[in-house]
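If you read the protein sequences in the order shown, they are chains P and Z.
Heads up, the first sequence is in our numbering, so the first residue is 6 and it goes up one at a time.
Heads up, the second sequence is in our numbering, so the first residue is -9 and it goes up one at a time.
There could be a bad hint or two in this list.
[Unchecked claim] One-sided excerpt, in silico: chain P residues whose CB lies under 8 Å from chain Z:
#1 K9
#2 R35
#3 L110
#4 R138
#5 P139
#6 R161
#7 I417
#8 W418
#9 G420
[What the hints assert, rightly or not] The calculated DSS-like cross-link candidates involving lysine-lysine, where the alpha carbons are at most 30 Å apart (straight line), are:
#10 Z/K294 to P/K98
#11 Z/K130 to Z/K213
#12 P/K44 to P/K9
#13 P/K222 to Z/K130
#14 P/K187 to P/K116
#15 Z/K315 to Z/K202
#16 P/K9 to P/K116
#17 P/K44 to P/K31
#18 P/K314 to P/K44
#19 P/K222 to P/K31
#20 P/K222 to Z/K294
#21 P/K44 to Z/K213
#22 Z/K315 to P/K222
#23 P/K222 to P/K187
#24 Z/K288 to P/K187
#25 P/K116 to P/K222
#26 Z/K308 to Z/K288
#27 P/K98 to P/K31
[As the list claims (entries may be wrong)] Cβ-Cβ distance ranges computed for the label pairs, FRET-style:
#28 Z/M287 to P/R240: 12 to 22 Å
#29 P/G420 to Z/M287: 50 to 60 Å
#30 P/T230 to Z/R477: 34 to 44 Å
#31 P/L270 to Z/N89: 11 to 21 Å
#32 Z/A95 to P/Y215: 49 to 59 Å
#33 Z/G169 to P/L270: 54 to 64 Å
#34 P/G330 to Z/E74: 25 to 35 Å
#35 P/T101 to Z/P418: 53 to 63 Å
#36 Z/S382 to P/N379: 46 to 56 Å
#37 Z/T266 to P/D411: 32 to 42 Å
#38 Z/A265 to P/L241: 25 to 35 Å
Source of the hints: derived by calculation from the structure; they are not laboratory data.
We put the CB at the ideal spot given by N, CA and C, even for glycine.
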Amino acid sequence: MTEKHIDVLIVGGGPAGLAAALQLWKRGARDLLIVEREKQLGGILRQCIHDGFGLSHFGESLSGPEYAARFIDDVERLGIPYVTNTTVLSITKDRTVTTASPAGLTVCHAKAVILAMGCRERTRGALAIPGERPAGVFTAGTAQAYINLYDRMPAREAVILGSGDIGMIMARRLTLEGAHVKAVYEIMPYAAGLPRNVEQCLRDYEIPLYLSHTVTKVHGRSRVTGVTVAAVDERLQPIPGTEEFVPCDTLILSVGLIPENELSLDAGVTLDPHTRGALVDEHLMTDVDGIFAAGNVLHVHDLVDYVSKEAVRLADSAADYLAQGGLPACPLSVQCGESVGHTVPQRISGSRGVLLSLRVTRPIDSCRIVVSQNGRRIFSRKVRHAVPAEMIRFDLPARSLAPSGDLTVSAIWEGAQDAPEEARV
Amino acid sequence: MDHKDLQLYDVLIIGGGVVGSACARELSRYRLRIAVLEKNLDVCFETSGRNTGVCHGGFAYDPGSLKARLCVEGNRMMGQLSEELGFAFRRCGKVLVGNTEEEYARLLEVLAQGETNGATGLRMVDEAELHALVPSVVGKFALFSENSGILDPFMFTVSLAENAAQNGAEYFFDNEVTGIRREPDGTWVVQTLHALFRARWVINAAGLGCGKISDMLGITGYKIIGSKDDYILLDRRMGPLVPMPIYTVPSNTYMGIHVSCTVHGNVLLGPTAEATDDLTYYGVAQHNLDYLYAESMKIWPYVKRGDYIRTYCGILPKWIDENGKIGDFRIEIRDDIAPRAVNLVGIESPGLTASVAIARYVIAMMQEREPFAENDAFDPVRPRRPRFADLSPEEQARLIAEDPDWGEVVCRCEKITRAEILSAIRNPLGCATMTSVKYRTRSMMGRCQGGYCQMRVAKMLEEERGIAPEELVYMRRDGHPFFGRVRGEDPEGGTR
């Protein structure tokens, strides 16, 4: 067992961990280490061979591995220390991190820990879909790993439940590899993933998307033989009489992502029930001193570009934390108001401008994001078409903020007459 | 082929569940040639692996019944069995909670009945003591059974089978019995889907198939119905809130809804006990899930849908006796109709607890007819396989130094290492399904349900066992996860 002291330990070598490491290096940190459990750096990007990554960050469309390579190449070139095939077993409140690898067990005492573990997929078990448990039920990410990393074909006749981005991307991927994707069923009355994926992954391949539908039963003793689908009412309950048997050999699930926070909980980090990620302040520090979080472990992002940007902001805070031995307090809380599912960060200082990220809970045409403090509207911004699939990010300027009083962020439908609202800001 | 050319076994056990495997293990104490015929691809793929995993106290059965007697005996043996075989078992106790006067009266009856049955460590506790035992429970009083416990039903069965195999018993999987005949020389010839077997003794330990096998033995007329139990498994995060199983007030034929804990720290809600004629349908029903949620909340108001990680169901074979009631365990040798055949019918709950006691009872019946010579080489101890997650950092470091595979964590949720997966793949029974690895290691059983590790496990199985991608099996024959490689085989003959 090896024991060592280190300035910064980064848990996870995916997009968040890589971007954080590079920025920390840029800020002069040298005693840092990226810990990656896979055999290579890159995280989930390694299996995302489709393009569309990097439009915002690099101004060009890259595949997942290409996007990751931009960061990995820099990490290699700069000689930023990293270990692969190494799993973090535990993190304590005093930032003692135990890792296991074929080389042995290591106990690291870190001045700062960066949580960049990403997220996992919701499973059939979590949804408790009734019926039998045959082979042939996969989460979309698992099916993606099988096809893109393991050269295994998991489906011939597939039904996809959930219109999350990975599900739609897998609809296209399976089609390209000769499988027949019969349909995508989405329980909500709108697509869960990005509009561009509805266009490019479903419409372009004539794969039908049924909104307000769900799978109510899985059939098959050995391998999936079909699923029962049904329309749902406004309370998302299946409507009796609408059930239909759809023969298929595979059910792919794209029904949500959950930040992977088991290690964070070990460390005593408090989670936000809305994001299921850590509660963080504007420095992206959790409520455990010296433990920071960014990327999908903090809240599930729509685009990897924003993960990278968030990790850069985190790294700046962590560098300040190391230099100053602490960070300014953040006494003001940011609450979710009408039609807002979550906001990040959840606590701010009130003394400087801050980037807020949020998601709306329902699609709102002609939407206005409103921030109020002490019952007074201090900021608003129009969003032409707000959908839950797309993260909304905006800078809340320092001048808008009062030094005390909690904030509430709401998403309001403006209808046709939004001009008076504009005037008030 | 003439049956005389067949290898003659002393004992052929039909069924590789917990009872069949307990019989195999206990019989391997004697100098006998033993074979176990199992229709599935591994042990405990049916009732033995699909239950609550509770080691019962023996109080909820009719006095004088085999269920009562063998449950109490089985419960007493469990500590030693766990020591010898290395499966997880915890004598954590159990509470049966009630609120009404009628329930109090019934629990007193159960207590008295338990004492008659020979169960010990039973007492009534008031609300204060109940909450000291289980702070999260809702109830005014309870019957506390300190000798009840929980065990790992998969590894209990696997370890019995492996210990039997280690002592010479042979397992034949994928061998569903299709016919049995008695030869003029008194030996039994058993036809399976793939082979013929011949033996001097046959044991019907077929569980759900007990009625069918009984008919084949010529002992006809047993009526078996299924009692289908749906379950919901909750995240380990909730485990600390359930230090022992929480049961409602039972009848002598139904344990009632319970909120239980597993040896690995998960919380379990179940079972629903629905009568069914279909003994092969393992499908969970929505109305049962709703019912489990509602009923569990009454005694343990902490059920959150966000904590669900899996649902499953099991089926208990219930023998319906001459009076139309659920019968006792029926364990018989019909010398008149089927000599040297032990017929076990209606082995349902508490069969897991009672399994080894049942096996010893069976052997005693056999020995009344034919004394067996002791096997001096019998070793009751199954070689230990450490679990990385349970070890101290020092022990973990030592194992990694010995073998680097201990340092590669394959399943992140349950912290299962490559060394453990490999050991499971190389199991002594030769089972090679994904589920075989799952039951032996807990990989794919955690909160991500294999989202991270299943590809690695599949790849390791293929490589270690030389299985072609399209031949890999998830659990049941023909249950293949893959249709082959993504773009088929390389025409040059190599793999791409």
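Results for each hint:
1. K9: violated, 14 Å
2. R35: Violated: closest Cβ of chain Z sits about 27 Å from P/R35, beyond 8 Å.
3. L110: holds, 4 Å
4. R138: holds, 7 Å
5. P139: Check passed: Cβ of P/P139 comes within 6 Å of chain Z, closer than 8 Å.
6. R161: holds, 6 Å
7. I417: violated, 29 Å
8. W418: violated, 29 Å
9. G420: Hint on P/G420: violated, closest Cβ of chain Z at ~35 Å, above 8 Å.
10. Z/K294 to P/K98: holds, 27 Å
11. Z/K130 to Z/K213: violated, 40 Å
12. P/K44 to P/K9: Cα-Cα ~23 Å, so holds.
13. P/K222 to Z/K130: violated, 39 Å
14. P/K187 to P/K116: Cα-Cα ~52 Å, so violated.
15. Z/K315 to Z/K202: holds, 20 Å
16. P/K9 to P/K116: The hint holds at about 11 Å.
17. P/K44 to P/K31: holds, 26 Å
18. P/K314 to P/K44: holds, 25 Å
19. P/K222 to P/K31: Answer violated: P/K222 to P/K31 is near 53 Å, above 30 Å.
20. P/K222 to Z/K294: holds, 21 Å
21. P/K44 to Z/K213: violated, 57 Å
22. Z/K315 to P/K222: violated, 33 Å
23. P/K222 to P/K187: holds, 17 Å
24. Z/K288 to P/K187: violated, 42 Å
25. P/K116 to P/K222: violated, 50 Å
26. Z/K308 to Z/K288: Distance ~28 Å between Z/K308 and Z/K288 Cα, so the pair holds.
27. P/K98 to P/K31: holds, 27 Å
28. Z/M287 to P/R240: 12 to 22 Å: holds, 20 Å
29. P/G420 to Z/M287: 50 to 60 Å: violated, 42 Å
30. P/T230 to Z/R477: 34 to 44 Å: About 25 Å separates the Cβ atoms of P/T230 and Z/R477, which means 34 to 44 Å is violated.
31. P/L270 to Z/N89: 11 to 21 Å: violated, 34 Å
32. Z/A95 to P/Y215: 49 to 59 Å: holds, 55 Å
33. Z/G169 to P/L270: 54 to 64 Å: At 56 Å between Cβs, range holds.
34. P/G330 to Z/E74: 25 to 35 Å: violated, 57 Å
35. P/T101 to Z/P418: 53 to 63 Å: violated, 40 Å
36. Z/S382 to P/N379: 46 to 56 Å: holds, 53 Å
37. Z/T266 to P/D411: 32 to 42 Å: At 56 Å between Cβs, range violated.
38. Z/A265 to P/L241: 25 to 35 Å: Holds: the Cβ-Cβ distance is about 31 Å, inside 25 to 35 Å.
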